[in-house]
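Chains as they are written, first to last, in my numbering: chain A, 1 to 347; chain B, 1 to 258.
A few of these clues could be false.
[Unchecked claim] According to the in silico footprint, chain B covers these stretches of chain A (three or more CB under 8 Å from chain B): (1) 80-93; (2) 225-235.
[What the hints assert, rightly or not] Not close to chain A: a few residues of chain B, all C-beta gaps over 10 Å, as computed: (3) 164; (4) 176; (5) 180.
Because the hints were derived from the structure by calculation, they are not lab data. Every residue, glycine too, gets a C-beta built ideally from N, C-alpha and C.
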Amino acid sequence: MSAATLPLGPPRPRLGPVVVSVGVLMVAAFGSLVLGPAGVDPWRAIVEVLDHIPLVSLDSGLSSQEAAIVWQIRVPRLVLAGLVGATLAGSGAAYQGVFRNPLADPYLLGVAAGAGLGATIAIVSGLPTSTIPPLAFTGAVVAVVAAFGLASLGGSRRSGATLILSGVAVAAFFTAMQTYLQQQHADTIRQVFSWILGRLGTTGWGDVRTLVPYAVVSWLVLFAYRRHLDVMAVGEEEASTLGIDPVRVRLMVVAGATLGAAAAVAVSGLIAFVGIIVPHIVRLATGPSHRVLLPVSLTGGAAFLMTADLVARTVQSGGELPIGVVTAFVGAPFFAFILATRREVSA
Amino acid sequence: MTGVSCRGVTARYNGATVLSGVDLAVRPGEWLVVVGPNGAGKTTLLRALAGVIPAGGDIVLGDQKLNQMRRREVAARVAVVPQTPVVPDGVTVFDYVMLGRTPYIPYWGMEGPADRQRVTTVLERLDLLSFAGRTVSSLSGGERQRAVLARALAQDASILLLDEPTTALDLGHQQQVLELVDGLRREAGLVVISTLHDLTFAAQFGDRVLLLVAGEVIAEGRPGQVLRAEVVSEHFGATVEVIERPDGPVVLPVRTRG
């Protein structure tokens with residue numbers, strides 16, 4: 001049999017996980033849209049959303065107050081949850097790939113610590129709440145740039161491990177400053193904690209508009225580097241013998257992932273666990289290739305955070321749980337379950 | 001075809017000189033085996049030839065100086081089989097071998113039918129086609145080494161660098177891998193530069209042997225000229241008997257009882 005008549009490579013289930021994850025995302029979005037304390041008719045809520053599609057004109061029959069609940073509160077919030085979840089999960093997958101470290105998450109190089117310090121500065125200084133996102137974003141970016149600067153002190157081509165350790169040092173320093181500031185201003189401690197635990201705003205479309213450009217740029221950069229990330233899986237030196245510049249790939253991927261994560265954190269606070277758990281669950285289903293892992297992490301992260309937000313705002317009557325608590329509370333056992341059952345199957 | 005020549009190659013690691021003034025020249029279709037005791041700089045020499053560490057002196061691949069080539073150009077000309085390749089979890093043999101096509105895939109692009117065809121051809125040549133959909137980590141040692149070799153072949157490079165390609169293989173698989181490399185270099189006129197600890201294999205498979213000690217070339221020539229009992233005992237601190245055979249000398253360790 002000659003090579004020409006052979007199938008060109010084994011069949012690979014690449015489209016399946018994408019389709020499934022889009023289906024899950026649509027279910028999560030539907031649930032977030034129709035469920036809520038206001039008791040809006042689900043069918044009419046959907047018609048109300050369709051009415052906002054350009055060139056579509058439908059009458060949902062909702063009162064103007066109900067229509068506002070759907071279009072000014074629920075939809076922006078679920079879109080925000082989707083954007084933040086997708087961005088954190090995509091950044092997490094990228095960080096894990098580029099550092100070849102399963103424990104890496106978008107906060108690895110100091111994004112969380114830097115954003116926390118920025119937000120705390122805004123809060124304890126009594127600045128308007130609108131200054132929290134830009135200061136948190138600035139803090140996150142400064143922290144990652146500092147980690148890069150520290151790592152390159154001993155030479156410009158240091159390894160990924162040096163960068164991770166620099167990130168640890170920078171994060172510890174920023175966290176120390178943040179804790180000090182927080183302790184010095186006991187009156188605002190509750191507000192600081194509420195930001196740190198993460199929350200999705202109910203302020204209409206403002207946060208969505210702020211986040212969209214950063215998120216889209218971040219996704220595009222990571223998507224552009226998906227094949228390079230697969231090559232990086234063999235380590236920096238081997239990747240280099242295959243024609244890749246590992247330092248450049250790492251810089252671009254970290255820049256893209258940091259941009260997205262910093263913007264997500266700036267609008268939503270520190271939502272834990274999404275960036276680490278979602279890519280791992282996805283990887284179990286799709287295998288390690290970033291061509292599938294990255295897009296499915298985006299849709300999976302969006303679905304996960306929409307669902308977590310739905311739980312956060314419905315599980316407790318008369319109040320909301322911080323979403324960061326829900327992601328860890330629901331996410332950790334779910335992740336443990338997946339790991340345990342998976343090991344049984346493969347053993 | 002592309003030969004390799006080096007003049008005065010030096011390399012330093014943490015301030016210490018690891019290679020000093022290494023000269024060598026290898027023609028297409030020729031196999032040079034680099035031997036030497038642990039820490040002699042053998043792996044460093046291969047890394048310098050692959051352009052992954054900074055090195056002084058001149059390294060010329062064909063008609064181009066290595067330090068004037070872009071990384072992708074080097075990768076299209078030099079393929080490396082590392083001593084302990086990193087095998088990512090869950091990656092299939094097909095996808096792993098496809099990594100070898102990296103120098104030919106446009107920076108922002110994806111592999112095309114020609115790349116898939118090339119990988120299929122290489123897998124068929126190395127008897128790996130039936131493993132194409134299996135994960136590399138599920139293969140046995142010998143199969144895995146063939147997969148790494150397949151990745152290097154998919155690079156379509158005319159220079160093949162092998163760092164201890166028989167480590168962790170049993171005797172039969174060591175022989176099979178070396179025979180495979182020998183067949184491939186004859187088929188395609190490849191330059192092969194390998195390090196080998198086994199001096200008998202070095203003598204049987206190498207057209208020439210280069211003895212590297214403390215970063216310097218001590219001897220270079222046909223196996224019978226370099227691998228003499230007194231040379232081996234002086235530089236390896238080993239007691240050996242060298243038996244001349246038509247296909248090259250056999251270097252036999254001999255136990256000395258005091």
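**Request:** Find the hints from earlier in the document that the structure breaks and name them by number, from lowest to highest.
**Result:** Hint 1 alone not satisfied by this model.
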